[in-house]
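**Q** Position chain B relative to chain A; hints supplied.
If you're matching them up, the sequences are chains A and B in order. Residues 1 to 156 (this note's numbering) make up the first sequence, in order. Residues 1001 to 1406 (this note's numbering) make up the second sequence, in order.
FYI, nobody ran anything at the bench for these hints, they're computed from the structure. Check each hint, because a few of them may be wrong.
Only pairs whose alpha carbons sit at most 25 Å apart, straight line, appear in this in silico DSS-like list of lysine-lysine [claimed, not checked]:
| id | chain 1 | residue 1 | chain 2 | residue 2 |
| --- | --- | --- | --- | --- |
| 1 | B | K1106 | A | K41 |
| 2 | A | K16 | B | K1401 |
| 3 | A | K16 | B | K1398 |
Here are the chains, one letter per residue:
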Amino acid sequence: MNLKELYQELILDHGKNPRNLKKTENFNKDAKGHNPLCGDKVHIYLKLNENKKVEEASFEGSGCAISMASASIMTELVKGKEVNDVKELIKDFLEMIKEKNALKSNNLSEDEKTKLMSLSGVQQYPMRVKCATLSWHTLTSAINNKKDEINTEKLD
Amino acid sequence: MNINKIKSEFPIFSKKVHNNDLVYLDSANSSQKPLVVVDRIYDFYTKEFSNIGRSVHYLAVAATNLYENTRVSVQKHINAKDKDEIVFTKGATEAINLVANTYGNKNLNEGDEVLITELEHHSNYVPWHYLRKSKGVKIEFAEVNNDGEVTLESIEKKITSKTKMIAVTHLSNVTGAILPIKEITQLAHSKGIPVLVDGCQGAPHLNLDMQDLDCDFYAISCHKMYGPTGLGILYAKKKWLEELPPYQGGGGMIGEVKKNDISYGDLPNKYEAGTMATAQVIAFEESIKFLNKLGMQNIIKHEKELMEYGRETLMKNNSVKLIGNPKNQGAVLSFTIEGIHPHDIATILDEDGVAIRAGHHCCQVLHDKFGLPATARASFGVYNTKDDIDKLNASINKCKKIFDKK
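Next comes chain A alone, as it looks inside the complex (with noise of 0.2 Å):
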C-alpha cells in the first residue's frame, strides 16, 4: 500500500482540476456510467468526425479524485485517435489497472504513458479500482452505442 502512488501530484491535479469537464456540442455518441456502491456518476460525451476519429471528448460527472481524474486523463487522451486504437487503449489500460499488467500501447508518447501510468496506483487498492474503470467502461460502451447505463456491479 502506498498512497504516494496513489495520490500522485498528476492524479491530484486532474481530480481538482478536471479537464474536458463539459457537454462536448454536437456530441454524436454519448454513455452514462454508475458505480451505485459509491454513487459516482459520469457521463462521456464523444463527436467523432466521418473518418471515425475522436474530435472531441469530454465528461460530466462527480466522484472521488481517482474517478475524475481519471476520466480527465482519458478525455484528453483520447482526443485526436482513431476509434480502433481507443479501443485498443481502452483494453490496454483495463488489463493493466485489473490484471496489472504493463502498459503494451506502442502508440502512445512518452507523456501520454506517464498520465496512464499515473493511474497504476489504484492496483493495490482493490477497493478503489472500480473508481478508475468506470469511465473507461463508460467510453465503451459509447463507442458501441450501447443504450444500457454501465453499472459497475454488473462488470467483471
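**A** Chain B only, in chain A's frame:
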C-alpha cells in the same frame, strides 16, 4: 468504564492495520465482537451442536433450551411483555420485510399511505416500495430539518386519514438524530396507526423499553450489538403476531400439514420457518450479558462523551463540515471536507489504521436532500476512546496536506 479493559476483550484490537493500531470508527456499520461471543460460537459447534426443535435426544434438548434462553434474555433486555413477542430473523432487514410483507398484504390497499422519514436507511424504505409497486400503496416522507432531525411536528404534518403505518428510525445512521419514539407512538396510536421502529442504531446505543415506547414493531440488528452476523430480531406486540399471516413457509412453523390444508404453529414458531441461525442466537446471549455487565447507562454516558468530544474536535478543524446538529444525538458523526471526496478521505485514513465509512450509508434520499453525493462517517462503540478521535483528526489533517499540494 475502563475502556482499556473493555478493548482487551476484543481480540481484533491486537491486530495491526497497515502497521498501525486499529482505530475502529465504523460501529454503526457493524460492531466488533468480544471474545466471549466468538468463544460461545466455537464452544457450541465443538461441544454442544445439534439442531433445535424436533429431536428428543440429549443434544437437541440442550440446544433448544439454550436457544430459548436467548429469547428470554432479549425479552428482558428490551422489556417486552412476553417472550413470544421476540422473533429471530436473519437481520433487521428481514424483520422489516416481514412486517411490510405480512402487515402490508393484510392491511394495506391502493391509496393507503405508509409514512416514513427522509432519514430512513434503505432497509426501511425499499420493503415498503414493494407495496407501492404491487398494491399502489403511497409512501410519504416526514421531512428532515437542517439540523438533521425529524421532529414530532414534521411527522404530524404528514399524517392523513389514509396513513396506515408509520415506520421510523430510532437513531439516524447518518446524522445521529434520536427520534422521539414514545411521542410518535402516542400520536400515531391516538389516530389508530401502528408504528414500526428501525432500531438498528437504537438498540446498541440506547436503553430499550418496549412497554414504555409502546411501539408495535421494533427491528434489531444483532451484529451491531457486539453479536454475530446473520441474526436480527423482530419485536412485535403479541396481538400483531397472532393476527398477521406467517411470512415464510417451511419446517418448524406449522401446526398440522394435510394434503388439502395446513395449519400454522403457535408463537414464536409461526415466524421462524426452517433451520434458524442457532449458533448465532445462542452466542447472542453473551452479547446481551456483555452489554448488561457494562450497563446501558454507562454505555450511553461514555458514547455521549465521545460524540461531544468528537463534535468539538471536528468543529475546531476548519476544513471539516459536520452534517447535522441534532439536539439529541447518538454516537454518529458524519462530515465532509471541502475539496476532498469522502472515498479519498476513507482511503487516506485507512492507511493510518482509522476505519470509517464513506458513501451514502444506504441513505440516498437523505443525501439527495442535503445535496451531497456522499459523506464520511465516524461512529462509536464501547471500545472507542478520545484518543481515537484525536487520531481521526490527525488523519483528517493528513488528507488536507496531501490534497493541498495542488
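**Q** Against each hint, give a clear statement of whether it holds in the structure.
**A** Hints and how they fare:
no., hint, result
1, K1106/B <-> K41/A, "violated (40 Å)"
2, K16/A <-> K1401/B, "holds (14 Å)"
3, K16/A <-> K1398/B, "holds (17 Å)"
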